[in-house]
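Heads up: the protein sequence lines correspond to chains A and B, in order. Quick note on numbering: the first sequence equals residues 0 to 233 in numbering that gives the first Met the number 0. Quick note on numbering: the second sequence equals residues 0 to 233 in numbering that gives the first Met the number 0.
Derived from the structure by calculation, the hints contain no laboratory data. Since we're looking at a predicted model, the values are computed, not measured. Be aware that one or more of the hints could be misleading.
[Said to hold, decoys possible] So the derived label-pair ranges between C-beta atoms look like this:
{"hint": "1", "chain 1": "A", "residue 1": "T200", "chain 2": "B", "residue 2": "A59", "range": "35 to 45 Å"}
{"hint": "2", "chain 1": "A", "residue 1": "D53", "chain 2": "B", "residue 2": "Q208", "range": "52 to 62 Å"}
{"hint": "3", "chain 1": "A", "residue 1": "H38", "chain 2": "B", "residue 2": "E223", "range": "22 to 32 Å"}
{"hint": "4", "chain 1": "A", "residue 1": "K215", "chain 2": "B", "residue 2": "T61", "range": "13 to 23 Å"}
[Unchecked claim] With the Cβ distance kept under 10 Å, some of the chain A side facing chain B (calculated, not the full set):
{"hint": "5", "residue": "L45"}
{"hint": "6", "residue": "T84"}
{"hint": "7", "residue": "G157"}
{"hint": "8", "residue": "T159"}
{"hint": "9", "residue": "Y174"}
{"hint": "10", "residue": "E177"}
{"hint": "11", "residue": "A178"}
{"hint": "12", "residue": "I179"}
{"hint": "13", "residue": "G180"}
[Unchecked claim] Derived list of chain B stretches under chain A, where covered just means 3 residues or more per stretch with a C-beta under 8 Å from a C-beta of chain A:
{"hint": "14", "segment": "45 to 54"}
{"hint": "15", "segment": "61 to 67"}
{"hint": "16", "segment": "80 to 93"}
{"hint": "17", "segment": "172 to 180"}
{"hint": "18", "segment": "209 to 220"}
We treat Cβ as the ideally placed atom computed from N, Cα and C, and that holds for glycine.
Protein chains: 2
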Amino acid sequence: MSVTAIKVDGPPNCLLCFDSQAKFISTKAINEIMNSATHTFPRFQLELPQWIPDFLQEQATTFPTHEARMALVTTLSKLNIEQGTGGPFGAGIFRADTHQLVAPGVNLVMSSRSSITHAEIVAIMMAQQILGSHDLGATGLPPHELVTSCEPCAMCLGATCWSGVHHLVCGARGYDAEAIGFDEGPKPQNWVTALEERGITVTVDIGRQEAAQVLKNYVEQNGEVYNGRQGDSE
Amino acid sequence: MSVTAIKVDGPPNCLLCFDSQAKFISTKAINEIMNSATHTFPRFQLELPQWIPDFLQEQATTFPTHEARMALVTTLSKLNIEQGTGGPFGAGIFRADTHQLVAPGVNLVMSSRSSITHAEIVAIMMAQQILGSHDLGATGLPPHELVTSCEPCAMCLGATCWSGVHHLVCGARGYDAEAIGFDEGPKPQNWVTALEERGITVTVDIGRQEAAQVLKNYVEQNGEVYNGRQGDSE
């Protein structure tokens with residue numbers, strides 16, 4: 000195996016970071032890291048890209064309709080591609096009473112070097128940090144809604160249940176993401192019912208065409224369609 | 000609605016944090032936050048509790064059998080309760096070739112104020128930070144295994160698919176977690192097949208009895224069984 004790039008850089012306590020474009024990593028280097036491990040673990044840090052607060056500064060402060068909220072998160076999905084900060088997915092946690100945006104989210108998988116940071120997860124994490132609770136449905140909090148430019152994958156479906164939101168609004172269908180090569184993962188067919196049984200209402204197909212178009216444009220522009228199966232080591 | 004506790008404390012750019020025990024939050028305070036929002040978003044930061052590196056310092060450096068790896072993560076689940084850092088779940092990412100621990104994980108939902116930080120998610124996030132890739136199955140990396148003291152919930156099942164691991168090893172069954180009141184979420188019945196179709200082998204019931212006993216002990220000691228449905232705002 001040839002070694003083309005090893006870049007030791009990144010957060011100060013990150014043992015080894017390499018550019019996401021690096022195709023080969025030295026097995027020797029990995030072994031050296033493992034053998035010298037002193038059980039120091041990194042801090043995982045996640046920040047929204049600066050273009051998001053800059054962009055929001057110019058937007059309305061309330062988003063009274065499903066369509067208005069979807070238009071915002073679909074614009075985030077578009078800008079995330081244009082700004083080169085991640086995949087073609089946007090989301091937001093909104094107050095369901097006043098329709099104010101609490102926290103936006105975009106897909107940050109590649110830039111944060113984490114397969115967890117889908118747009119919905121980022122929005123949920125940010126909203127919970129802002130409100131200081133692991134439960135957006137905690138007593139005393141207003142009800143919250145998760146709006147996502149594409150139907151949640153298996154991981155984000157589970158995350159929606161645990162987030163404490165009372166409503167979920169989806170743009171593109173899972174099929175639209177699968178049509179460009181993303182895997183939706185192991186989701187039960189009756190996922191809408193599964194959410195409703197847990198007290199979460201679901202609205203689908205809001206602005207689907209525009210949201211699906213963002214996905215199509217992404218793949219036409221050769222955007223990377225990553226998933227967990229791309230590795231070939233056994 | 001009466002207001003019993005508002006604690007404005009926490010990370011410097013966290014708009015409002017309150018103690019997880021606080022039962023009431025002022026709606027007025029929330030409204031003031033939303034109305035004064037200047038679109039400054041917090042940084043989400045996640046660190047392992049210090050007892051984990053301290054504990055690992057005293058352990059073996061390789062864990063050659065399924066049972067040895069499960070014993071380690073089950074001990075982490077026990078210690079997480081004893082140390083008061085989270086719920087009764089432990090996990091780890093191991094190298095599948097050398098059986099070395101790459102990154103441990105414990106449930107940090109309440110302490111990190113995030114419904115996302117299940118043990119499996121924490122282990123995946125940490126391992127990906129350490130290796131500098133969103134894909135633990137990336138070309139050039141050794142194969143990795145996720146070992147978890149309890150079968151993954153719906154969210155962690157999806158996360159397993161996207162993490163790049165090649166093997167999953169589970170202790171307690173989902174039923175064992177449900178028996179003490181945790182919800183496993185919307186998982187397809189054939190979730191093992193769904194993983195295997197994605198190139199991930201699954202081994203269940205390793206040290207199930209001991210792992211399930213940790214769950215039972217937790218609930219007998221009145222550990223909090225949180226989930227997204229505890230909120231009552233509509």
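Hints versus structure:
no.: 1; hint: A:T200 <-> B:A59: 35 to 45 Å; verdict: 50 Å, violated
no.: 2; hint: A:D53 <-> B:Q208: 52 to 62 Å; verdict: 55 Å, holds
no.: 3; hint: A:H38 <-> B:E223: 22 to 32 Å; verdict: 29 Å, holds
no.: 4; hint: A:K215 <-> B:T61: 13 to 23 Å; verdict: 48 Å, violated
no.: 5; hint: L45; verdict: 4 Å, holds
no.: 6; hint: T84; verdict: 14 Å, violated
no.: 7; hint: G157; verdict: 3 Å, holds
no.: 8; hint: T159; verdict: 8 Å, holds
no.: 9; hint: Y174; verdict: 17 Å, violated
no.: 10; hint: E177; verdict: 14 Å, violated
no.: 11; hint: A178; verdict: 18 Å, violated
no.: 12; hint: I179; verdict: 16 Å, violated
no.: 13; hint: G180; verdict: 14 Å, violated
no.: 14; hint: 45 to 54; verdict: holds (count 5)
no.: 15; hint: 61 to 67; verdict: violated (count 0)
no.: 16; hint: 80 to 93; verdict: violated (count 0)
no.: 17; hint: 172 to 180; verdict: violated (count 0)
no.: 18; hint: 209 to 220; verdict: violated (count 0)
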